[in-house]
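Engineer: Using the hints, position chain B against chain A.
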Amino acid sequence: MNELRELYQEVILDHSKRPRNFRKPDTITAEAHGRNPLCGDTLTVFVDVENDTIKDIAWEGHGCAISTASASMMTESLKGKTLAEGNNLFEWFHRLLTAPPDLGAPAGPLGKLAVFSGVREFPVRVKCATLAWHTLKAALDRDARQVSTE
Amino acid sequence: MRTAAPLDVVRVRRDFPIFERAVRGKRLVYLDNANSTQKPRAVLDAERVFYERGYANIHRGVYLLSQEATEAYDRARARVATFLGAGNPAEIVFVRGTTEGINLVASSWGRANLGPGDEVVISEMEHHSGIVPWQMACDAAGARLRVIPVTDTGELDLEMAAEVIGAKTKIVSLIHVSNALGTINPVEEIVALAKRHGALVLLDGAQAISHGPVDVAALGCDFYVFSGHKLFGPTGIGVLWARAGILEAMPPYQGGGNMIHTVTFEKTTYAPLPFKFEAGTVNIAGALGLHAAIDYVAGLSWDAIRAHEAALLAKALDRLRAIPGLRFQGRPARQAPVMSLTVEGIHPHDVGTVLDAEGVAVRAGHHCVQPLMARFGVPATIRASLSFYNTADDVEALGTGIEKAIEVFRG
Numbered sequence: 001m002n003e004l005r006e007l008y009q010e011v012i013l014d015h016s017k018r019p020r021n022f023r024k025p026d027t028i029t030a031e032a033h034g035r036n037p038l039c040g041d042t043l044t045v046f047v048d049v050e051n052d053t054i055k056d057i058a059w060e061g062h063g064c065a066i067s068t069a070s071a072s073m074m075t076e077s078l079k080g081k082t083l084a085e086g087n088n089l090f091e092w093f094h095r096l097l098t099a100p101p102d103l104g105a106p107a108g109p110l111g112k113l114a115v116f117s118g119v120r121e122f123p124v125r126v127k128c129a130t131l132a133w134h135t136l137k138a139a140l141d142r143d144a145r146q147v148s149t150e
Numbered sequence: 001m002r003t004a005a006p007l008d009v010v011r012v013r014r015d016f017p018i019f020e021r022a023v024r025g026k027r028l029v030y031l032d033n034a035n036s037t038q039k040p041r042a043v044l045d046a047e048r049v050f051y052e053r054g055y056a057n058i059h060r061g062v063y064l065l066s067q068e069a070t071e072a073y074d075r076a077r078a079r080v081a082t083f084l085g086a087g088n089p090a091e092i093v094f095v096r097g098t099t100e101g102i103n104l105v106a107s108s109w110g111r112a113n114l115g116p117g118d119e120v121v122i123s124e125m126e127h128h129s130g131i132v133p134w135q136m137a138c139d140a141a142g143a144r145l146r147v148i149p150v151t152d153t154g155e156l157d158l159e160m161a162a163e164v165i166g167a168k169t170k171i172v173s174l175i176h177v178s179n180a181l182g183t184i185n186p187v188e189e190i191v192a193l194a195k196r197h198g199a200l201v202l203l204d205g206a207q208a209i210s211h212g213p214v215d216v217a218a219l220g221c222d223f224y225v226f227s228g229h230k231l232f233g234p235t236g237i238g239v240l241w242a243r244a245g246i247l248e249a250m251p252p253y254q255g256g257g258n259m260i261h262t263v264t265f266e267k268t269t270y271a272p273l274p275f276k277f278e279a280g281t282v283n284i285a286g287a288l289g290l291h292a293a294i295d296y297v298a299g300l301s302w303d304a305i306r307a308h309e310a311a312l313l314a315k316a317l318d319r320l321r322a323i324p325g326l327r328f329q330g331r332p333a334r335q336a337p338v339m340s341l342t343v344e345g346i347h348p349h350d351v352g353t354v355l356d357a358e359g360v361a362v363r364a365g366h367h368c369v370q371p372l373m374a375r376f377g378v379p380a381t382i383r384a385s386l387s388f389y390n391t392a393d394d395v396e397a398l399g400t401g402i403e404k405a406i407e408v409f410r411g
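Chains A and B, in that order, give the protein sequences.
The letter at position 91 of the first sequence is residue 91 when you use the working numbering, and the numbering goes up by one with no holes.
The letter at position 87 of the second sequence is residue 87 when you use the working numbering, and the numbering goes up by one with no holes.
Hints are computed from structural coordinates only; laboratory data are not their basis.
Just to be clear, a hint being listed does not mean it is correct.
Stated by the list, open to error - Derived EDC-like pairs: lysine to aspartate or glutamate, alpha-carbon spacing no greater than 16 Å straight-line:
#1 K17/A x E344/B
#2 K137/A x D48/A
#3 K137/A x E85/A
#4 K79/A x E121/A
#5 K81/A x E91/A
#6 K404/B x E76/A
#7 K81/A x E60/A
#8 K17/A x E407/B
#9 K127/A x E85/A
#10 K112/A x D56/A
#11 K55/A x E85/A
#12 K26/B x D56/A
Claimed, not checked - Listed below are several chain B residues computed to face chain A (Cβ distance under 7 Å; list not exhaustive):
#13 G54
#14 N57
#15 I58
#16 H59
#17 H347
#18 D350
#19 T353
#20 G365
#21 A380
What you are looking at is a predicted structure, and each value in this text was computed from that prediction instead of being measured.
Cβ coordinates follow ideal geometry from the N, Cα and C atoms, glycine included.
Chain A on its own, in the form it takes in the complex (with noise of 0.2 Å):
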């Protein structure tokens, strides 16, 4: 039960609950759908950037609690960073999810993120937790490739 404690924390069950930013934004640069075909989970990522800063981002979609509160608490932690900032931070967001158990939480910048360090109790859990982190990634990378060409 401790391990459930751990995963399902009040912060996540409240995302999961209310997920925040959960709209589609009227300026939008880049977005891309996300899909975990294994379970049906499927979101949408919005994003608005200006000047290498992530301005807006929201999201759309439905998913199991990980996923959700997954997708919530990232468009609350990256809204007004920069892309490298946002990137640096899906690295160590990795980090916590795939770090040994016994390993302690890595702090680095993640904040509120962290308490995402249940999940590694439940590795077949990692990929909902990363599940709007990719899909942010495909988004911005799609972007990128479009900024280069104009």
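Structural biologist: Chain B only, in chain A's frame:
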């Protein structure tokens, strides 16, 4: 009327070493039997003894070990034939599993028998392995894939079946027991319908094989496939049964060693049945393990197994019905001990994780039946599937685990 002695589940569980271990500090409650089944010691011993004391390749060596291995492999084939009520062991082709069995038929039989204008009929509740191989075969042949719909109760729509199966139907490929809903399909009716139109019938026995006796002669089908690992046997071994005449007329599936009679660069002649369909070195240990699994099940009595499973299923349905917000997907009148369910407001994966933390193993997902999930309008379900080694305590653990999930998410 003779009634079998009830199953001694305490004794039976001792035959399965896995039940000695704990999971996350809890007693293992294994309710993912539709996915794969646990192995009795007899199966593990059969494989181990073969590798330790009797290992050699079959059909090739002139030496004693090879001869013994060949004989053991042949005995396994003969045992499968008896188990399925097939008269001729040459009609038993060892494959990797149900998936390979269906692919073999769709590919080989399809290549020789399907053409433009022909129709292949499947059902809306097929496993992906009963859909994709036929899509591929239809694409290659220019044939049309048609689908028998499923009703709200999770049963085949037999009125529609009578419309879908017709003069153009060349083959009907149907799941015997639904892996997602537990529906026991009225395969005899479908066989009769298909025969009236001169169509062949393939039955996917992956789920049916562990819940009751299968007699291919009585079923009247033309192909029957199943996987060893869902019958308490090893992974990587499965069975395709088909009538000898049909197999003889089919081109080989894979070419290679063991499946030939003579090879020259101009022409190759093929080995007789069943070797024509067993190219390369086969899964010998797997076949021996499957033999042991069949002997093990046969030693328990189907009547006792069925009575135990039916009682457990009834108990599970009663226990779970009492949980507010729990909904069964499909309520078939004839049901194997497999249940698909959803809990209002909680994603199946989250329920699955809470159950996992309690030591309860279930499957949460689409169970390789995406079209069926779409039919019921759910992206995923929780599936609990029972076997003869499950107990009333297991069912109770499932119930309390789901209640715990509700507490975590709604509490």
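Engineer: Run the distance test for K112/A versus D56/A: straight-line Cα separation, threshold 16 Å.
Structural biologist: Not OK: K112/A and D56/A at ~19 Å, beyond 16 Å, violated.
Engineer: Does E76/A sit within 16 Å of K404/B, going by the straight-line distance between their CA atoms?
Structural biologist: violated (30 Å)
Engineer: For the hint on H59/B, does the least C-beta distance to chain A fall short of 7 Å?
Structural biologist: violated (40 Å)
Engineer: Quick one, are K55/A and E85/A close enough, alpha carbons at most 16 Å?
Structural biologist: Status holds; Cα separation ~13 Å.
Engineer: Would the stated hint for N57/B survive a check requiring a Cβ distance to chain A of less than 7 Å?
Structural biologist: violated (38 Å)
Engineer: Checking one constraint from the list: CA of K137/A to CA of D48/A, max 16 Å. Satisfied?
Structural biologist: holds (13 Å)
Engineer: Is the hinted pair K17/A and E344/B satisfied, with a Cα-Cα distance of at most 16 Å?
Structural biologist: holds (13 Å)
Engineer: Quick one, is the D350/B hint okay against chain A at 7 Å, beta carbons?
Structural biologist: holds (5 Å)
Engineer: Would you check whether I58/B satisfies its interface hint, that is, whether its CB is within less than 7 Å of any CB in chain A?
Structural biologist: violated (38 Å)
Engineer: Going straight from one Cα to the other, do K127/A and E85/A come out at no more than 16 Å?
Structural biologist: Violated. K127/A to E85/A sits at ~22 Å, over the 16 Å cutoff.
Engineer: Holds or violated: K17/A with E407/B, Cα cutoff 16 Å?
Structural biologist: Roughly 14 Å separates the two Cα atoms, so the pair holds.
Engineer: Just to be careful, I want the Cα atoms of K81/A and E60/A compared with a cutoff of 16 Å; is the pair within it?
Structural biologist: violated (20 Å)
In summary, the numbered hints that this structure violates are 4, 6, 7, 9, 10, 12, 13, 14, 15 and 16.
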